[in-house]
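Listed below are the residues making up each chain.
Protein chains: 4
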Amino acid sequence: MSALSLPISQLPATMSNTFGHIYRLTTFGESHGPAIGGVIDGVPAGFRLNPEAVQHELDRRRPGQSAIVTARRESDTVQLLSGLMDGVTTGAPIGFMIPNSDQHSGDYDNMAGVFRPSHADYTYTAKYGLRDHRGGGRSSARETACRVVGGAVARQILESMGITIHAYTSAVGPISLDTDYHDLDLSLTDSNAVRCPDTDVAASMYRLIERIKSDGDTIGGVVTCVVSGVKAGLGEPVADRLSATLASAMMSINAAKGFEIGMGFEGARHRGSEMMDPFETAPDGTVVTSANHSGGVQGGISNGADICFRVAFKPVATLLRPVDTIDCEGNRTTLKARGRHDPCVVPRAVPVVEAMAAITLLDAWLLNKTARI
Amino acid sequence: MSALSLPISQLPATMSNTFGHIYRLTTFGESHGPAIGGVIDGVPAGFRLNPEAVQHELDRRRPGQSAIVTARRESDTVQLLSGLMDGVTTGAPIGFMIPNSDQHSGDYDNMAGVFRPSHADYTYTAKYGLRDHRGGGRSSARETACRVVGGAVARQILESMGITIHAYTSAVGPISLDTDYHDLDLSLTDSNAVRCPDTDVAASMYRLIERIKSDGDTIGGVVTCVVSGVKAGLGEPVADRLSATLASAMMSINAAKGFEIGMGFEGARHRGSEMMDPFETAPDGTVVTSANHSGGVQGGISNGADICFRVAFKPVATLLRPVDTIDCEGNRTTLKARGRHDPCVVPRAVPVVEAMAAITLLDAWLLNKTARI
Amino acid sequence: MSALSLPISQLPATMSNTFGHIYRLTTFGESHGPAIGGVIDGVPAGFRLNPEAVQHELDRRRPGQSAIVTARRESDTVQLLSGLMDGVTTGAPIGFMIPNSDQHSGDYDNMAGVFRPSHADYTYTAKYGLRDHRGGGRSSARETACRVVGGAVARQILESMGITIHAYTSAVGPISLDTDYHDLDLSLTDSNAVRCPDTDVAASMYRLIERIKSDGDTIGGVVTCVVSGVKAGLGEPVADRLSATLASAMMSINAAKGFEIGMGFEGARHRGSEMMDPFETAPDGTVVTSANHSGGVQGGISNGADICFRVAFKPVATLLRPVDTIDCEGNRTTLKARGRHDPCVVPRAVPVVEAMAAITLLDAWLLNKTARI
Amino acid sequence: MSALSLPISQLPATMSNTFGHIYRLTTFGESHGPAIGGVIDGVPAGFRLNPEAVQHELDRRRPGQSAIVTARRESDTVQLLSGLMDGVTTGAPIGFMIPNSDQHSGDYDNMAGVFRPSHADYTYTAKYGLRDHRGGGRSSARETACRVVGGAVARQILESMGITIHAYTSAVGPISLDTDYHDLDLSLTDSNAVRCPDTDVAASMYRLIERIKSDGDTIGGVVTCVVSGVKAGLGEPVADRLSATLASAMMSINAAKGFEIGMGFEGARHRGSEMMDPFETAPDGTVVTSANHSGGVQGGISNGADICFRVAFKPVATLLRPVDTIDCEGNRTTLKARGRHDPCVVPRAVPVVEAMAAITLLDAWLLNKTARI
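Protein chains in written order, with my numbering: chain A, 1 to 373; chain B, 1 to 373; chain C, 1 to 373; chain D, 1 to 373.
There may be inaccurate statements among the hints.
No copy is singled out in the list; a pair is fine if it fits within one copy or between any two copies.
To be verified - Computed list of lysine-lysine pairs in BS3-like fashion (alpha-carbon distance at most 30 Å, straight line):
{"id": "1", "residue 1": "K231", "residue 2": "K336"}
{"id": "2", "residue 1": "K369", "residue 2": "K336"}
{"id": "3", "residue 1": "K369", "residue 2": "K231"}
{"id": "4", "residue 1": "K213", "residue 2": "K231"}
{"id": "5", "residue 1": "K213", "residue 2": "K369"}
{"id": "6", "residue 1": "K213", "residue 2": "K336"}
If you are wondering where the hints come from, they were derived from the structure by calculation, not from laboratory data.
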């Protein structure tokens with residue numbers, strides 16, 4: 001930690017690390033400390049939790065799964081420390097820990113006094129007045145592993161109510177999968193390293209990422225998420241609209257730069273008569289809509305249709321080739337990052353998007369029960 | 001309020017109506033009650049407030065300003081009821097009230113038992129088990145007037161620190177203003193009814209809205225917002241990233257369906273080497289970036305560059321022509337809405353976007369001071 | 001507002017004015033502005049509210065009821081502005097307003113530059129850097145009228161579940177009512193101006209307050225509160241124990257200086273074998289306790305027995321006789337307060353204690369429902 | 001976990017385990033799991049933390065220190081897992097863990113199906129619908145070890161500002177230390193096992209606890225706490241008065257049944273003229289009071305004088321002799337608890353009271369900075 005001479009406020013500040021109102025996940029840990037972890041509070045009592053399914057979600061996010069993701073090797077084994085008795089939730093908070101095993105802090109030595117462009121180095125330094133350069137400290141995407149644990153617990157509870165969550169890679173750079181999700185076999189998502197359910201498109205995406213990686217470059221992409229089985233009524237209609245809480249959850253993921261629900265930005269180009277979701281009565285008497293331009297949320301509240309949204313991720317900021325930048329004293333310098341980074345964040349972002357959706361929806365579901373007499 | 005027989009959960013529930021953590025706006029009121037209003041808590045003491053400037057912002061949002069917005073006539077005169085002594089904030093909460101003057105509840109009688117498609121009628125009914133059909137009740141865009149009051153107070157405080165907020169209409173349906181905002185004269189935004197700073201494009205947009213209105217139809221659009229003068233360091237890096245809180249604030253506005261910051265969805269199509277924001281040292285020693293693909297936020301924290309984001313609004317759901325739908329008993333019916341509605345929400349959304357940006361930024365600014373020793 | 005030269009931090013700050021997590025009351029207003037009021041958020045939908053019963057609670061707190069309370073004349077008529085349709089709660093927030101009618105700001109002119117001893121004048125000035133001397137500004141007990149409104153709504157909802165709340169004056173200065181509440185007729189509480197259900201003791205208390213008043217002095221006292229009908233299970237067991245949230249609610253009332261539940265401080269003098277609350281099975285199979293030393297809360301959670309607690313109120317700080325103090329410049333001076341003040345706060349605190357109990361219990365009740373699958 | 005047949009609601013629920021608004025401690029863990037721990041969020045960046053001082057506070061709370069506390073042997077070694085770089089806080093959350101080493105779950109086997117009187121067994125079962133009988137699960141006082149960690153970090157930061165916190169045992173059963181704290185040498189508090197700074201009184205208390213223990217009984221007591229060096233201005237004046245947040249923090253400690261600040265319940269017996277705290281100007285120009293009946297808080301805000309409060313603890317519920325009770329089926333039974341329990345909770349509660357005071361005051365201090373322009 002060097003004394004900085006930045007012409008900005010360098011007074012220390014704090015950060016908030018808690019997601020949710022009722023079902024609350026608080027995370028801690030840096031990529032290069034002994035462990036990361038968190039506390040899940042507000043877990044309903046009496047639910048039989050499957051720890052293997054939690055680990056499975058972590059495995060999906062784990063680095064080192066294929067040639068197109070970071071080579072960092074982490075076993076990412078989660079230890080659940082509390083809140084369970086004989087495998088059943090007790091209502092007590094679930095504390096958990098994921099030991100860090102593969103810390104190459106040395107990789108970052110040459111970055112200690114330098115601001116990597118488009119990375120969080122400078123903004124953290126501006127905010128906190130000091131710099132944790134070891135792998136990005138708290139801004140490392142490794143933090144999202146804890147969200148996957150919180151999401152995996154939420155997901156199991158949601159699944160017991162018939163709510164399912166499927167995310168997939170729908171764009172890598174200019175390669176876009178535009179097929180309506182009804183015409184995709186979403187069970188194929190995990191069949192390839194890109195996590196795109198159309199295997200042909202997946203192959204093209206894979207080749208593009210390989211090429212980008214060999215260039216020492218990175219590439220952005222889009223994740224689409226579909227949540228089915230949500231009953232009408234979730235979401236608070238003014239400040240905590242379901243569309244707003246989902247947006248916040250998704251935009252809190254590293255590298256996320258855009259969120260849209262239903263027809264989103266494309267819908268803004270159209271007429272009301274084209275964007276209508278007419279109501280109908282299903283044979284079983286349920287109110288349904290014959291279209292879903294709204295993406296399952298109307299007036300901030302779920303309407304029973306599938307909740308569909310998309311998240312845009314910028315290309316990872318760390319390039320594996322020399323870039324011009326400045327050091328902490330403001331002098332020009334050239335940086336050649338080593339470290340181990342994903343050329344495209346999207347394949348590993350898929351389980352994180354699902355996790356944040358699960359946390360958001362379970363929280364909305366619980367909050368919706370809050371005030372019933 | 002009729003006894004409904006919907007095949008969904010109709011148990012009553014609650015809603016959350018508070019924005020912000022430290023600077024907190026809580027709103028109340030329906031479009032057809034005696035008044036709407038709210039409480040602004042967390043207002044810093046010792047600030048000389050200009051009440052005329054608050055009223056001015058309300059006037060910008062007020063209906064009946066031109067031929068292309070709703071003809072509802074409301075004087076929208078705000079009464080500040082507390083929190084001020086001799087014009088200076090005391091640190092006490094500012095309670096305020098805006099009397100409703102032009103309630104045509106009769107306009108809505110034919111909608112009492114019907115679910116308007118793509119509107120919040122059904123979702124509110126599903127959530128609360130009853131139906132306030134009088135102008136949409138709490139889901140009415142009239143609620144946003146209270147946000148404008150909360151935003152106008154925040155804006156004055158921000159302006160005293162050199163922070164300015166400019167939003168403008170950047171798209172109406174397919175007509176898009178793609179000019180970089182640096183090349184626009186943003187002071188022209190309020191010179192036309194559309195609130196587009198390019199007067200030629202504004203004229204085209206105006207004609208389109210007129211045509212849409214004469215068709216009894218509606219049209220979507222996009223609002224772009226630019227915030228200048230924010231120092232590096234605002235935003236919490238994990239759960240309350242500035243990109244996430246801005247997304248949440250914007251997506252909480254009626255009809256908002258998409259949010260992107262910086263290059264957003266377009267940036268997801270590109271390589272990291274193309275999206276780089278290189279750091280430089282300005283002549284005065286300040287760290288600046290020579291590009292701003294990030295939109296002023298990196299790692300969830302402001303970096304000192306302009307904060308730029310866009311919000312997509314769907315077309316208003318209420319058409320002034322017959323639409324097929326169902327009634328509360330699930331029977332098919334045809335609805336011909338009367339009421340008074342905007343054919344395009346975007347021109348009046350501009351001051352609401354600015355208000356929500358002001359609330360979010362002042363809250364982030366205050367929160368950032370929170371934990372300094 | 002004078003420029004102060006206090007040797008303390010005078011930077012402005014904010015204040016928090018919201019009670020509750022789910023059922024949330026936010027209040028605003030000073031005793032000498034146009035109105036006080038608030039917003040009740042989180043009101044369950046579908047409840048038929050009796051507005052007269054709300055007004056009735058306000059009338060119980062109203063000044064000018066007898067010779068032993070402040071002569072300030074306020075009609076204290078509450079206007080409910082939103083959240084109701086045909087008398088039924090809609091789930092939308094209830095905004096309300098109580099116009100101030102009898103403001104004698106002139107009474108306070110001689111206090112403008114002076115710190116009244118043991119009053120909040122100095123601490124507010126230290127915190128906010130300015131001084132609202134008009135009747136104490138936000139620190140005026142008038143603010144509690146808004147709590148009575150929020151409590152009256154909660155109380156009706158609780159009563160519909162069989163939960164009743166009875167507070168009464170159990171001590172005025174050294175005169176203490178030590179009878180077990182089971183042996184009192186709590187319906188007599190409002191039969192006298194002191195609000196003590198033992199009419200003989202009430203008469204003694206009344207005479208004491210008269211004498212104190214004629215001395216230009218004030219006197220402290222204790223309010224006891226009994227809540228019946230609460231099922232076992234309310235309260236969160238670690239941070240938001242029911243004993244802790246009740247303590248916080250009561251200690252937030254002006255002049256409150258002590259809180260105890262069950263045997264409280266007296267219980268600390270005893271052995272565990274003396275303080276035991278043995279469990280028994282009632283004829284209907286319910287688990288009950290044959291004693292209630294715990295005051296209805298064990299491990300922070302209600303156990304089904306009556307919840308009993310006591311709140312100590314200090315004597316009002318404002319004496320109607322000359323007192324030595326200092327002015328804002330630190331010079332010695334003598335103050336002879338005029339204004340209109342209660343010689344004993346306890347009789348009018350009774351409905352405020354009940355209101356805060358109602359808000360706390362409904363919030364705990366709603367929160368307890370939060371996470372049930 | 002047995003299927004219970006209680007005539008009460010057994011639906012599962014959640015619990016809240018977070019203290020504080022800005023400086024937030026979230027704890028997890030049961031006394032008989034692998035570890036307890038927590039996350040401290042909102043720690044200001046740039047503070048050099050002394051880990052030994054954190055461990056020292058834990059050692060003060062640790063069981064097995066003397067013959068009058070529980071014989072449970074725990075090393076209580078805390079591991080700080082994140083939030084520090086080279087010993088300096090980074091603004092990131094501090095995750096921590098305390099492994100459990102001495103779990104005698106077998107001690108509790110005979111309690112599995114029984115409700116211990118005056119303990120939390122029944123209320124937890126009523127709330128969560130299941131029973132973690134192993135040492136009380138989450139209701140175990142072992143949870144307070146995590147509070148001591150959170151408090152020890154806060155304490156160091158407060159001490160760097162000149163704020164000191166001293167708690168001591170002021171009563172054990174009927175033996176009360178009534179000496180004004182100004183006349184005590186508070187540095188002697190830790191010189192004896194009772195933690196009473198008057199060594200003669202301490203000796204009497206010690207003998208009483210020994211006698212109580214040999215009877216298989218328990219005894220209550222009182223802890224007094226004095227906080228010095230707090231500047232005027234801390235505390236929010238309506239909902240989060242410093243007196244209310246301190247009350248809540250203290251009443252959240254296991255076995256706490258009463259809280260009073262300043263003259264508390266005794267002050268309620270007196271006249272305003274007797275309870276006056278006259279203002280004076282100190283030689284250095286500071287505003288001071290020549291008495292401190294208020295206990296350092298006026299109008300909910302600190303006034304610069306010492307903050308003094310007292311906390312009453314009931315006798316521990318678990319007796320080491322046979323007691324009559326019922327089992328989970330409601331049948332009468334006799335329980336002879338084994339386990340290892342404190343005959344008097346007060347000596348080990350002293351560091352917990354200090355920890356909760358530190359958390360509350362640092363949080364108030366940070367919140368007070370929140371809204372300064």
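Quick one: which hint numbers does this structure break? Sort them smallest to largest.
Hint check: 2, 4, 5 fail, others pass.
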